[in-house]
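Colleague: Fit chain B to the supplied structure of chain A, relying on the hints for placement.
Line by line, the protein sequences are chains A and B.
Take the first sequence: its letter number 18 is residue 18 in the working numbering, and every next letter is one higher.
Take any residue in the second sequence, note its place counting from 1, add 1000, and you have its number in the working numbering.
For the record, the hints were derived by calculation from the structure and aren't laboratory data.
Note that CB positions come from ideal geometry on N, CA and C, so glycine has one too.
Misleading hints may appear alongside valid ones.
Partial list, derived from the structure: chain B residues whose beta carbon lies under 10 Å from chain A [stated by the list, open to error]:
{"hint": "1", "residue": "SER1156"}
{"hint": "2", "residue": "LEU1263"}
{"hint": "3", "residue": "ALA1266"}
{"hint": "4", "residue": "ARG1322"}
{"hint": "5", "residue": "ILE1361"}
{"hint": "6", "residue": "TYR1411"}
{"hint": "7", "residue": "ASP1418"}
{"hint": "8", "residue": "HIS1422"}
{"hint": "9", "residue": "SER1429"}
{"hint": "10", "residue": "SER1431"}
Under the rule of at most 27 Å between Cα atoms (straight-line distance), these lysine-lysine pairs were calculated in the DSS-like manner [what the hints assert, rightly or not]:
{"hint": "11", "chain 1": "A", "residue 1": "LYS228", "chain 2": "A", "residue 2": "LYS205"}
{"hint": "12", "chain 1": "A", "residue 1": "LYS205", "chain 2": "B", "residue 2": "LYS1158"}
{"hint": "13", "chain 1": "A", "residue 1": "LYS148", "chain 2": "B", "residue 2": "LYS1158"}
{"hint": "14", "chain 1": "B", "residue 1": "LYS1151", "chain 2": "A", "residue 2": "LYS212"}
{"hint": "15", "chain 1": "A", "residue 1": "LYS205", "chain 2": "B", "residue 2": "LYS1379"}
{"hint": "16", "chain 1": "B", "residue 1": "LYS1379", "chain 2": "A", "residue 2": "LYS228"}
If you want the building blocks of each chain, they are given just below.
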Amino acid sequence: MIRIAICDDELSSIKSNEVLLQRCLSENKILAEINTYSRSDALLYDVMEDKFYYDLILLDIEMPNVSGMELAEKIKPHLPNIKIIFITSHIEYAIDAFELSIFRYVPKTECDARLPVALNDALRLIQIEVDKIYTVSNNARLEKVLYKDILYIQRDGKNAAISSPTGMIKVRKSLQQVYEELNTQEFIYIDRGIIVNIIHVMKIKDSTAFLKSGDIFPISRRHLQEVKEKINTYWGEIL
Amino acid sequence: MSDILLYGSLALFTFMQVFATLIAIKVFLLIQSNGKSIIPELIAALSLSVLTVLLQCFAVGDLAVLVVQSVCIAVFALYYYLHDRQKVLLYVFFYTVVLTFLDFAALIISGFVSGDYMVLLMSKEEYGGIQIIFLFGVRFLFLLFALAIHKKSDFSQKQIHKAFGYAGVLGLFSMIALSQQKVIDIPADTVFVWLIFFVIIIVVFILLNMRTQIELEKEIAYMREMEKELLEREYATLNNAYSINARMFHDFQNHAGVLRELLNKANYDEAVTYLNDLSEPLETVSSTTWTGNETIDYLINSKLVAADTGQIRTEINVEFPRRTNIRANDLCAILGNLLDNALEACREVSNKDDRFIELTIRRINNMLIIRLRNSADRKPIIDEKGLQSTKTGSGVHGWGIKSVQTAADRYDGIMKMDYSNHIFQAVVSLSFEGVEIKE
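Chain A extracted, bound-state conformation (with noise of 0.2 Å):
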């Protein structure tokens, strides 16, 4: 189940943007735990001391006490992977191609028309490998990975090595059984012993994929037209 906050210091706001929030989960038919804050103060301590998880804030910018450009920049490093929808009164912003968290902003005065696409846009890129389990079962001891968790798969002598951000998995099987196991079009072989996760590949620059852990591989010139390829199709399909 994925989960959502919306932050706003107006009640009348949040309870707006959760309807709007809530249609959008409901013709995507998507289950969502929804939180909401009234202080930009009580969901920086709920991610930082209480370790809560989101995939998706709903912020406003103009709050008392922490505004949501400070939130932002603080709780990025507790949740890499967080999408923040900002909402905001003025109409001059524009994401900056640093700002990896920012996914959009929202002007409040169109707030009915441009809320749902932004939010559409978002889950959509949210639900991606979002309930799948890979599980690797080494000498009776059962592991679980999510695939969305996965960065990249190598390969280790016969075997395989599953590396994500809480560390590697080996796996007792070469690396063409696990793409075949895991069986999703986001696994692409960029060289013959290396698979990685599109969703994670940041840019591809002089044959070199470049992933958002900051790992960077070289492509083979075998794959690399089909790499690209790849992910032109993928992102193309999904957009």
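Modeller: Relative to the frame of chain A, chain B by itself:
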């Protein structure tokens, strides 16, 4: 030497040399689509070695056997790799020469080792163990070499040509060195033939290299020309639009004067009529902000006007990040061409209710994804040159698509086109980087 041993070694030798040759040709032709599997090559080499033994049974001469082998290799390479015929034949020729030379060199060295100084005059049946070992060694090394380059197989065309050139030079020098020694008698014409062969090889690969270079330069010149034309075309459109704006601004003074006059005289009805008449041309130029870049926004807005005129429904969903290294003129080339194609295809759709264009631009991680969908009555012809215009004879179109690709190339991106259910879709993916702008 017994016949069985002779035929056995013949089959083994042929298999090794043919297998190595096929693998090496595959690497040098930069074949990638067939993957790493070398089973077809294995089968071809096996069958060719059987054929060679059969030919040997019927006492066909050595030279004829060599010719048959070369022809078979060439035929296999041509049909299996479906590659440039000239190149395949050239590589096959090259390999035949190199292999024969290696045999020749191996025999001479074996002569040194065994003290059999008349080795070159021996017939095949007279070869001793030492000769067989050397001939086997040469093939073995050759096969190892081929397998090694196949494993790496990450060469550029240029590197390969260079390697051939060096091989030719090396052969030339080793031949000169061999001709200078006095221990083993090498007939003068043999030396001469070899020298000529190596000179030919060197010259051929120098020419090949030059051809590649010239082709590259031609391509660059063509792209430059195309870019210039495209830029001029876009600028002409934009300029035109701006001049309409300028004229409207100029007229504004006059209109204001007329309105002031009418209002002063309390002629309200006429003032309202005048204003209504005015608002018509004003509507044609909207100034919606889509990307925040004036030029690109103007481009989108002007294409929207064109869509409106053609009774085409439009849906624009644009999210464009600030401070990227994506240059406005590259994005203009991409959007301008894609939108022009879409407009043209839409105008041909007979049912006006079906006409639509949908433009979506989104940022995903550090990539910009541009998707354009539009209605189209028929499948556009897409060949390796790009999209062919439905109008015959308009060269601008193929160029347009090529310039989209050129622009995408700058950002390690590509464009993919698709057509199904009367909907044409083009997706361009670009990788960008954030750029610090000092304010």
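Colleague: Taking the hints in turn, state whether each one holds.
Modeller: Cross-check of the supplied hints:
1. Given the 10 Å rule on beta carbons, the hint for SER1156/B holds: about 9 Å separates it from the nearest Cβ of chain A.
2. Given the 10 Å rule on beta carbons, the hint for LEU1263/B is violated: about 32 Å separates it from the nearest Cβ of chain A.
3. For the restraint placing ALA1266/B at the interface with chain A, the shortest Cβ-Cβ distance is roughly 37 Å, beyond the 10 Å limit, so the hint is violated.
4. Among the interface hints, the one on ARG1322/B holds; its C-beta lies about 4 Å from the nearest C-beta in chain A, closer than the 10 Å criterion.
5. Checking ILE1361/B against chain A by beta carbon gives a least distance of about 9 Å; that is within 10 Å, so the hint holds.
6. Interface hint at TYR1411/B: satisfied, since its Cβ lies 9 Å from the closest Cβ of chain A, which is below the 10 Å cut-off.
7. The criterion of a C-beta within 10 Å of any C-beta in chain A is met by ASP1418/B, whose closest approach is roughly 8 Å, and the hint holds.
8. At about 18 Å, the closest approach between the beta carbon of HIS1422/B and any beta carbon in chain A exceeds 10 Å, and the interface hint on this residue is violated.
9. A hinted interface residue such as SER1429/B counts as satisfied when its beta carbon comes closer than 10 Å to some beta carbon of chain A; here the least separation is about 4 Å, so the hint holds.
10. With its C-beta approaching chain A no nearer than about 4 Å, SER1431/B sits inside the 10 Å limit, and its interface hint holds.
11. About 11 Å separates the Cα atoms of LYS228/A and LYS205/A, which keeps this hinted pair within 27 Å; it holds.
12. With a CA separation close to 22 Å, the supplied pair LYS205/A and LYS1158/B stays within the 27 Å bound.
13. The hinted pair formed by LYS148/A and LYS1158/B fails the criterion: a straight-line CA distance of about 42 Å is larger than 27 Å.
14. With a CA separation close to 31 Å, the supplied pair LYS1151/B and LYS212/A exceeds the 27 Å bound.
15. The straight-line distance between the Cα atoms of LYS205/A and LYS1379/B is roughly 33 Å, outside the 27 Å bound, and the hint therefore fails.
16. At roughly 24 Å between alpha-carbon atoms, LYS1379/B and LYS228/A fall within 27 Å of each other, so this suggested pair holds.
Violated hints, listed in ascending order, are 2, 3, 8, 13, 14 and 15; each of the other numbered hints is respected by the structure.
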